[in-house]
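Start from chain A and add chains B and C according to the hints.
If you read the sequences in order, they're chains A, B and C. Residue numbering for the first sequence follows the working numbering, starting at 1 and increasing by one per position. Residue numbering for the second sequence follows the working numbering, starting at 1 and increasing by one per position. Residue numbering for the third sequence follows the working numbering, starting at 1 and increasing by one per position.
Calculated from the structure, these hints are not laboratory results. Glycine included, each C-beta is placed from N, C-alpha and C at the ideal position. Please note that a few of the clues may not be correct.
With a straight-line Cα cutoff of 20 Å, these simulated SDA-like cross-link-like pairs (lysine to any residue) come out [stated by the list, open to error]:
(1) Lys140(C) to Arg70(B)
(2) Lys2(C) to Gly15(A)
(3) Lys30(A) to Thr72(B)
(4) Lys2(C) to Thr19(B)
(5) Lys107(A) to Gly172(B)
(6) Lys107(A) to Thr72(B)
(7) Lys2(C) to Gln88(B)
(8) Lys140(C) to Arg71(B)
(9) Lys140(C) to Glu113(B)
(10) Lys107(A) to Leu11(B)
(11) Lys2(C) to Glu23(A)
(12) Lys30(A) to Leu11(B)
(13) Lys30(A) to Glu191(B)
(14) Lys107(A) to Leu208(B)
(15) Lys30(A) to Leu78(C)
(16) Lys107(A) to Asn118(B)
(17) Lys107(A) to Ala120(B)
(18) Lys107(A) to Arg124(B)
(19) Lys92(B) to Asp104(A)
(20) Lys92(B) to Glu98(A)
(21) Lys107(A) to Thr62(B)
(22) Lys30(A) to Ala8(C)
(23) Lys2(C) to Ala37(A)
(24) Lys72(C) to Arg20(B)
(25) Lys140(C) to Ala94(B)
(26) Lys2(C) to Leu108(A)
(27) Lys107(A) to Lys92(B)
(28) Lys92(B) to Ala8(C)
(29) Lys2(C) to Trp19(A)
(30) Lys30(A) to Trp25(B)
(31) Lys30(A) to Ala94(B)
(32) Lys30(A) to Arg20(B)
(33) Lys2(C) to Glu98(A)
(34) Lys30(A) to Leu117(C)
(35) Lys30(A) to Arg6(C)
(36) Lys92(B) to Ala37(A)
(37) Lys30(A) to Thr62(B)
FRET-style restraints, in silico, Cβ to Cβ [what the hints assert, rightly or not]:
(38) Leu108(A) to Ser264(B): 21 to 31 Å
(39) Arg55(A) to Trp55(C): 27 to 37 Å
(40) Leu66(C) to Leu108(A): 20 to 30 Å
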Amino acid sequence: MEGLSAFVLAIILVGLGLWTLIERRNVIWKLLGLNVASGGAILFLVAVAYRPQARPALLGLGPGPTADPLPQALVLTAIVIHFATLALALAYVIFLTEHRHTQDIHKLEREEE
Amino acid sequence: MGAVLLCALTLTLAAFALTRRRLLWGVIGVGAHSLALAGVYLFLAAPDVALAEAAIGFALVTFIFLLALRRTGRLVVAATEVYPLLYQEGDKIAGLEWEILRRFGQWVHRDVEVLWVNRADIPRLLAAGETDLAAGGFLPREGATVLLSPPLVPTQLVNVRCRPGPVGAVAGDRGQDHLPPDGLTYEDAGELAAALARGELGGAVVDLVRLRQWLLSEGTNKTHFALRDAEMTPLEDLAFRFALVPHETELHQALEEFLKTLASTGELERLITEHLQ
Amino acid sequence: MKWVARTAILALLSLVAVGTRHLFPRPDVAPWQEPTAQYGAENAVAAIVLGARLWDTLLEVLVYALAIAGVKMALGGLGRARPLPPVPETPLLRRSADILLGPIVILSLYIAASGHLGPGGGFPAGAILGSGLLLLALAKGVERLSQELHEATWERSEYGAIAALLALGGAFLCLGFPGSSFLVSANLLITMEVAIGAWVVLHYFARARGEV
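Bound conformation, chain A alone:
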């Protein structure tokens, strides 16, 4: 039950985030959408790792089904890298606002032509 609802949530979150990424014209809104979509992708991997009635993969918790530790280890670093790349993207948004005076992607693109 948990696994299924997490899969559904992950797919909807990715859809919501990518939708915002396409529809909004403000670059900060686009980055917010990307943030939500990346959360959905991470949730998908965590849901893949889950097993029914599983417990965390720790020694000393005794026998019983456990979650798969490999996808969890993969997304752990992904979260941190996501923060760093997001900070880089926002730094360039600030840079653009100072030099091009707009956050509207259409105006930025027209200026480049």
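Just chains B and C now, kept in the frame of chain A:
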């Protein structure tokens, strides 16, 4: 059961955040969504991931978004680009209104920051507090709930007709009030001029300053729309002003006072003749 | 053109939704107990992050440092025409920051040092330490805190931490695994790296957009 409820909460928060029109609510909503998402990870037997998501996704990401939105000590001006009034030259901003705004920034001890936006977005940006002022050939629409500065530059709204066809105007501008029901609206003056040049439109409702800009640029970049032979009907005498949110009475008073001093020293007149001769 | 992207997204998502049914019934988890004990850990995730996939982690720490360097480059040249007056001291915030800072530092060090035994590890610990610095910055103002902390030294020690991490990891990848002592030291180094990186991001953002 708890996991399903938490999933629903996460989804609601994300949907709430991404459908807001105000950026601040979006950022706060996405932060709350991250915290709920960390709870979902706990249910999925991933305490390491939950800890990282709560510490990074909730605290640090939300905070850098808030810092990117922040504009302490700045006077943010939402503006549309109009050639002699407020326009961009390379990395710099220039024009008559820019000279006034720059001096006003020194008067109130704040850095002025101009943000190019669409004319139709200005009332929303002002009301949401994302910008302090609106400028760049601002002509208020009927029934607009904004505070207006004293008139800066007098102008006239005219109906230009080159050939038979529909009439266009800039969306959200004063000209939209004068459009017939079959009139078309465009995002900004540049797109309006391009539509006129392509022959999509038979005429346009614009002010004299934008018309002058089109006349000056005619022939330079493939914008032949035979404006010189066009028929012009004056519609309304107006003046360009700055706009503020209704509750910014202090800033409004400072602006009025500043413009009064500028006019009494003759500086305003000098600037107008310098930029609009 | 937008409708192409919209259709592509819908198609992709429905493809993923259809594909998930192959995940059921779920296969058994590969035995992880024995390798985890071999690496000297009790938390399988820590054993994978700092053992089986050590190269991955080391290079991701490098990516993190590169992104932070990119933030410095993008925002380094941006200044304000008029520097802001210093943040006035608010006694309540100042006192609560003083009281909370100690526990936060201890908590993050505990999470880092016990990362191989239970949930935790260097990455969340670094983020918690970064939030602690953020709390202090709220009370004191970013500029003053950066002067008091001798930020230049910290930035140099960030590169020191990366170098030490790479050296440690490289040595153990060549010489074989010594056990939990490596896990603890690597976690502490990662904590240092992540916390200093987070602080640098906050400082540069605050300098470009106004005090916190």
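To see whether the hints hold, each was checked on the structure:
1. Lys140(C) to Arg70(B): Given that 20 Å is the threshold and the Cα spacing comes to 18 Å, the pair holds.
2. Lys2(C) to Gly15(A): holds (15 Å)
3. Lys30(A) to Thr72(B): violated (23 Å)
4. Lys2(C) to Thr19(B): Roughly 19 Å between the alpha carbons, so the hint for Lys2(C) and Thr19(B) holds.
5. Lys107(A) to Gly172(B): This hinted pair holds, its Cα atoms lying about 18 Å apart.
6. Lys107(A) to Thr72(B): With Cα atoms ~25 Å apart, Lys107(A) and Thr72(B) exceed 20 Å; violated.
7. Lys2(C) to Gln88(B): violated (29 Å)
8. Lys140(C) to Arg71(B): Holds, at about 19 Å.
9. Lys140(C) to Glu113(B): Not OK: Lys140(C) and Glu113(B) at ~27 Å, beyond 20 Å, violated.
10. Lys107(A) to Leu11(B): violated (32 Å)
11. Lys2(C) to Glu23(A): holds (8 Å)
12. Lys30(A) to Leu11(B): The hint holds at about 18 Å.
13. Lys30(A) to Glu191(B): Answer violated: Lys30(A) to Glu191(B) is near 24 Å, above 20 Å.
14. Lys107(A) to Leu208(B): Not OK: Lys107(A) and Leu208(B) at ~24 Å, beyond 20 Å, violated.
15. Lys30(A) to Leu78(C): violated (23 Å)
16. Lys107(A) to Asn118(B): Distance ~9 Å between Lys107(A) and Asn118(B) Cα, so the pair holds.
17. Lys107(A) to Ala120(B): holds (14 Å)
18. Lys107(A) to Arg124(B): holds (19 Å)
19. Lys92(B) to Asp104(A): holds (18 Å)
20. Lys92(B) to Glu98(A): holds (10 Å)
21. Lys107(A) to Thr62(B): The hint is violated at about 27 Å.
22. Lys30(A) to Ala8(C): Holds, because 18 Å separates the two Cα atoms, which is no more than 20 Å.
23. Lys2(C) to Ala37(A): holds (18 Å)
24. Lys72(C) to Arg20(B): Violated. Lys72(C) to Arg20(B) sits at ~31 Å, over the 20 Å cutoff.
25. Lys140(C) to Ala94(B): violated (38 Å)
26. Lys2(C) to Leu108(A): holds (18 Å)
27. Lys107(A) to Lys92(B): holds (16 Å)
28. Lys92(B) to Ala8(C): violated (40 Å)
29. Lys2(C) to Trp19(A): holds (11 Å)
30. Lys30(A) to Trp25(B): holds (15 Å)
31. Lys30(A) to Ala94(B): Judged against 20 Å, a Cα distance of about 30 Å means the pair is violated.
32. Lys30(A) to Arg20(B): holds (13 Å)
33. Lys2(C) to Glu98(A): Not OK: Lys2(C) and Glu98(A) at ~29 Å, beyond 20 Å, violated.
34. Lys30(A) to Leu117(C): violated (39 Å)
35. Lys30(A) to Arg6(C): holds (15 Å)
36. Lys92(B) to Ala37(A): Not satisfied, since the Cα-Cα distance of roughly 36 Å exceeds 20 Å.
37. Lys30(A) to Thr62(B): OK: Lys30(A) and Thr62(B) at ~15 Å, within 20 Å.
38. Leu108(A) to Ser264(B): 21 to 31 Å: violated (41 Å)
39. Arg55(A) to Trp55(C): 27 to 37 Å: Since the Cβ atoms of Arg55(A) and Trp55(C) sit about 29 Å apart, the hinted range of 27 to 37 Å holds.
40. Leu66(C) to Leu108(A): 20 to 30 Å: The hinted range 20 to 30 Å holds for Leu66(C) and Leu108(A), with Cβ atoms some 25 Å apart.
Going through the hint list in order, the structure does not satisfy hints 3, 6, 7, 9, 10, 13, 14, 15, 21, 24, 25, 28, 31, 33, 34, 36 and 38.
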